[in-house]
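Undergrad: Sequence:
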Amino acid sequence: MSEAATTATIWDRERVWVTVGSVALIFLAAIEALAVTTVMPIVSAALDGSALFAAAFAGTLATSVIGMVAAGAWSDARGPRGALYVAVTLFLVGLLISGFAVTMEQFLIGRLVQGLGTGGQTVALYVVVARLYPPYLHGRVFAAFAAAWIVPSMIGPFLAGAVAEYLDWRWAFLGVAVLTAIAFLLIAVRLRGLDLGHGEPQDRRALLIRLALAFVVAAFAVILGLTADMPAALRWPVAIGAVLGIAITVLPLLPKRTLRAGRGLPSVVLMRGMVAGAFFATEAYIPYLLIEGFGWSATWAGVGLMFAAFAWAGASNLQGRIGERLGNRRITLISLALLVIAIAGVLVTAIGDVPPAVVVVAWGFAGAGMGLLYPRLTVLTLAYSDEGNQGFNSSALSISDSTGSAVVIAVSGLAVASLGGHVADVGAVFLISLGLVVVAFLPGLRLGHAAESALR
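Residues in the sequence shown are numbered from -19 upward in steps of one, following the numbering used here.
The set of hints was computed from the structure by calculation and includes no laboratory data.
Note that this is a predicted model, so its numbers are computed, not measured.
Check the hints yourself; a few may be wrong.
FRET-style restraints, in silico, Cβ to Cβ [as the list claims (entries may be wrong)]:
| id | residue 1 | residue 2 | range |
| --- | --- | --- | --- |
| 1 | Arg305 | Ala337 | 32 to 40 Å |
| 2 | Pro232 | Ala363 | 17 to 25 Å |
| 3 | Leu159 | Arg309 | 23 to 31 Å |
| 4 | Arg309 | Glu(-6) | 22 to 30 Å |
| 5 | Tyr116 | Leu298 | 22 to 30 Å |
| 6 | Trp216 | Arg305 | 44 to 52 Å |
C-beta: ideal position from N, C-alpha, C; glycine also.
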């Protein structure tokens, strides 16, 4: 390695404002995602939209798939600058629509637009890193990005709860919009004079097909999220049709044999979607349970999610240090066992005479399980990839993550609505998630033994 390589950093004069702006955008997207989890019970009550509670989560995850595919294709064909500008603009517009919404339908539209921006800006920023920073700095940039996600997970729920309780829930969106605009200006001014490449010719037909499939997957996911607000006779028939539609149209976006839990990469991608769905569906309803069921304030409900964030960060660090020694099978068994314990604890609290503090403690186990498992699945995806399919496989992992979460959250919301929509009915969400984790043992034991490398 040259002397320049050993002394250069991501904070050098020519890169510092791009680094600061990029990390800030990731940080604010994470803050917003975690804020929504905490304030949604207050939003749905204020806008009289409990039937669309799940759709506000599922819709954003669904449209993020479109953003991921579109930004990736745009960046490959024309460079990442335009894709990043459009994505951040969509994220800002979505925040403003949600923040100023006076009906739940308007709020939902804002959330859909946010999803387009969130998915697109993440992919575009990754390409900016690839084009602007030398390879020996990539690890440092992504470490900064990881920190930009971990810190909000520790303070975001508490901060959002305090904002909603002492100011107004709207500032959880409008405040992030203002800060995002500032962060975007930092990076846009600097990128304007830099050469980020102009892309290479792409197979337009293949790109259009891939983008069309992403639109169809997102459309089915949004329809699925809206079923809770449909007439009772239509809810489940439409939901079943939407799930089948997603299963069919998402197949070309994933490795072959994914839905059949094929050994190796297919099981890695499938397991990511299953555990993401179980974890995030449960987490979406924990603040609702604590606020509506036990009378906790939004601030304290946010604090209740912080323990899981700390556990996630700690377990992720542990996995990076001893993951190789543990191996895939042990990590799978330990992680899924922790998730089973956690969701079972939340379920018992929801349906039994159990102190709500059990939810907080139990959810810490879930954070530990995800901290062990999530980075291992990312490592395995890269280990099963080569230069010709790294983009496709990485995209497939993210698509499985978002689509799995959107489907499970939407189906869970439909189950709650079908039972009556009362606080006691949220036990159905936790029961569905628990069953999904148990089923996840199947692909979890078929991850294979690709050449793995410890996280850095």
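Undergrad: Confirm or reject each hint.
TA: Results for each hint:
{"no.": "1", "hint": "Arg305 x Ala337: 32 to 40 Å", "verdict": "34 Å, holds"}
{"no.": "2", "hint": "Pro232 x Ala363: 17 to 25 Å", "verdict": "23 Å, holds"}
{"no.": "3", "hint": "Leu159 x Arg309: 23 to 31 Å", "verdict": "43 Å, violated"}
{"no.": "4", "hint": "Arg309 x Glu(-6): 22 to 30 Å", "verdict": "46 Å, violated"}
{"no.": "5", "hint": "Tyr116 x Leu298: 22 to 30 Å", "verdict": "26 Å, holds"}
{"no.": "6", "hint": "Trp216 x Arg305: 44 to 52 Å", "verdict": "47 Å, holds"}
When the structure is compared with the earlier hints, violations turn up for hints 3, 4 and for no others.
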